Amino acid sequence: CSYIGHGGRMAISDLAEHVGVAADAMLHIVSFAGAPISAEDRSVSCHALCGTLVSHCERYPECNLPAWSDLACYSAEGGVEGDVAEVDVRPLQLIDLLMAEGPAHPDVGRVVRSGPSITPEAAPSCVPGGLGGPAGFTSCNQVVERLMNMFRVFPVVENRTLAAPITDRARKLASAHAKAKAFLSTALDAIAMTERLSGAFGDGSGVDMYGWFPIANGKQVKATLNAAYRDFVVGYHYIFPESEVLDSRCSHNVVAYMVKNAEGFEPTVGPVCETRSAAFGTPCGLDKHGKKFMYLCDAVWRSSTATLVMTLLHEALHHAGPGDLAWDREHLQKADGNQVHNCDNFVNYALEVSGAMWTCLDMGTCNASSCTSNNTAHACKFTCDQCLYHSPGSDE
14 CSYIGHGGRM
24 AISDLAEHVG
34 VAADAMLHIV
44 SFAGAPISAE
54 DRSVSCHALC
64 GTLVSHCERY
74 PECNLPAWSD
84 LACYSAEGGV
94 EGDVAEVDVR
104 PLQLIDLLMA
114 EGPAHPDVGR
124 VVRSGPSITP
134 EAAPSCVPGG
144 LGGPAGFTSC
154 NQVVERLMNM
164 FRVFPVVENR
174 TLAAPITDRA
184 RKLASAHAKA
194 KAFLSTALDA
204 IAMTERLSGA
214 FGDGSGVDMY
224 GWFPIANGKQ
234 VKATLNAAYR
244 DFVVGYHYIF
254 PESEVLDSRC
264 SHNVVAYMVK
274 NAEGFEPTVG
284 PVCETRSAAF
294 GTPCGLDKHG
304 KKFMYLCDAV
314 WRSSTATLVM
324 TLLHEALHHA
334 GPGDLAWDRE
344 HLQKADGNQV
354 HNCDNFVNYA
364 LEVSGAMWTC
374 LDMGTCNASS
384 CTSNNTAHAC
394 KFTCDQCLYH
404 SPGSDE
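Residues 14 to 409 in my numbering are what the sequence shown spells out, letter by letter.
If you're looking for bench data, these hints aren't it; they were derived computationally from the structure. Hints are not guaranteed to be accurate.
Unchecked claim - Dumping the calculated BS3-like pairs for lysine-lysine here, alpha-carbon to alpha-carbon at most 27 Å: (1) K232 <-> K347; (2) K232 <-> K185; (3) K304 <-> K185.
Just so we're clear, the structure is a prediction, and the values are computed from it rather than from any experiment.
Construct the complete structure from the given sequences, taking the supplied hints into account.
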């Protein structure tokens, strides 16, 4: 919040822009949480907002808080008391883990089946006029979770079951799910910090995309990553074991896959299934509430934690729209108009921008006077604009 805002405060409009909801909706949510909002400029103290969000969470039994920041709560049964565990999601450790692994290629292109499309049922609005914005959140609790993630607090906010039997595999899956969600939050925050440093935050001018996308695709890239993040917040219907799935697409080179009902690069809108159990007998893309299905093959359980996280990210991005058009760096960075339609471009960009920004945070209290000395400037890289990020037009 302090890095995206100014002077330890953040305007409600900037907060709404970052999270991807309407400004009036953000004003309502922040006010309801109890954070004092300045009447003069409609801004909120980052410190006060963090504290009130934690207090807000503590008042609700369905909200499970971790013991410390950078620990993510998870549950194989969606947050039931007594079955909540924690996993380390410190940014640099998480980024290093995933960078060492690289993008996963768990499928041979997404599975496409015919089936009905839907517009998911609208949940009762938690704010007057609805949440709005490009992120597609459907409840205020989801927005609260996103705000808490921005402060490196990763609770289980709702009883969102992973829809899987509680086994060691389900617990491994729930842990990887929590890491994937935390990584996307980390990447979205890093993108906002890059925009703030370059002066592009909120004005639509965009920043250099490290060669993975043209600058003009900035808003679309953020919208796609936001959609993938939202789906992890909502949760998935994870379908396994493969032996119980009729006409399974698992094979020696397919360890996970998803289903959607049309060619192209649009988000999943079908086939629609009423229940999780239906997915064992017919291909399912999502349920009537918009919760997605993901099919996991037996081979995925033999993979490392990093591979499982990357697998979930890959399939989540398929649900958000992108496909598999290229694998090698030369083709991934070829400006042929297809970069925004390819999964690996999103994963590589998210890793690179996260690595650049999360190694650039200030160590201690910094202000403009900190930049007059080389020693203090080194400890205040963000404030003193010494981050190794790409400025617009940079060839570095």
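Taking the hints in turn, this is what the structure says about them:
Proposed proximity of K232 and K347 is supported: the alpha carbons are some 19 Å apart, at most 27 Å. Taking the CA atoms of K232 and K185, the gap is near 33 Å; set against the 27 Å cutoff, the hint is violated. Between the alpha carbons of K304 and K185 the distance comes to roughly 21 Å, so the proposed pair stays at or under 27 Å and holds.
The structure is inconsistent with hint 2 alone, although it conforms to all the rest.
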